[in-house]
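*Asks:* First to last, the protein sequences are chains A and B.
As numbered in my numbering, residues 1 to 115 make up the first sequence, in order.
As numbered in my numbering, residues 1001 to 1113 make up the second sequence, in order.
You can trust all of the hints, since none of them are fake.
Which chain B residues face chain A? A few, computed with CB under 7 angstroms, are given here:
id, residue
1, G1043
2, L1044
3, L1046
4, T1100
5, F1103
6, G1104
7, K1105
8, G1106
Okay, the calculated beta carbon distance ranges per label pair:
id, chain 1, residue 1, chain 2, residue 2, range
9, A, G16, B, P1113, 40 to 50 angstroms
10, B, P1113, A, S67, 46 to 56 angstroms
11, A, S84, B, T1086, 24 to 34 angstroms
12, B, K1058, A, R9, 25 to 35 angstroms
13, A, P18, B, P1079, 46 to 56 angstroms
14, A, T77, B, I1083, 33 to 43 angstroms
15, A, R9, B, L1051, 30 to 40 angstroms
It should be emphasised that the hints constitute simulated quantities derived from the structure, not laboratory data.
We treat Cβ as the ideally placed atom computed from N, Cα and C, and that holds for glycine.
What follows is the residue order along each chain.
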Amino acid sequence: DAGITQSPRHKVTETGTPVTLRCHQTENHRYMYWYRQDPGHGLRLIHYSYGVKDTDKGEVSDGYSVSRSKTEDFLLTLESATSSQTSVYFCASQAGTGVTNEKLFFGSGTQLSVL
Amino acid sequence: AQSVTQLDSQVPVFEEAPVELRCNYSSSVSVYLFWYVQYPNQGLQLLLKYLSGSTLVKGINGFEAEFNKSQTSFHLRKPSVHISDTAEYFCAVSDSGYSTLTFGKGTMLLVSP
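Could you put the whole structure together from the sequences, leaning on the hints where they help?
*Replies:* Structure follows, in structure tokens:
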């Protein structure tokens, strides 16, 4: 299956501190996504990228920024973490042209706790 | 924008019994529909997808789903579940074209002996 790794797997931080989550894929997939998963909300899209340095906002982008300087890496930054950003964060990648019939490959998730 | 409703947050079932997980989506001219599964402490994996053609779609692990355009539904079924099917199941939809996936809130399938 596609090689997607997320780091760290677990993170505890304090309110107001910046946090960066990393996603690395080895499949040369063009599209990459960051989702957050919360009980009762399912998965919600934060940001996505359709190529190097090409990114766009998702449904819940406030308080988050992303960067993609290389095809294989997609970073998610919480500029100033808040308790409402405590969540499980998933990265996903997608092959092909980005037409939405291609399946997503997911990482194993990052559990982030903001105290 | 598309929306997805998974009508049951939790479905308990006994091993070897049949199961149906329900999914409804908001109407659009043309949609792609997906079911993903998430096992404990893992990321999501694709179970099956409907793009066009036959309305009955078969996926991995014995699951199948039926696309019903008139009822805007895409329910997931399995005739006989196993303990190992215990997981959370997510229905997802996208407009045909260059749009991102919208996921439902998930249904937890709990299979007991």
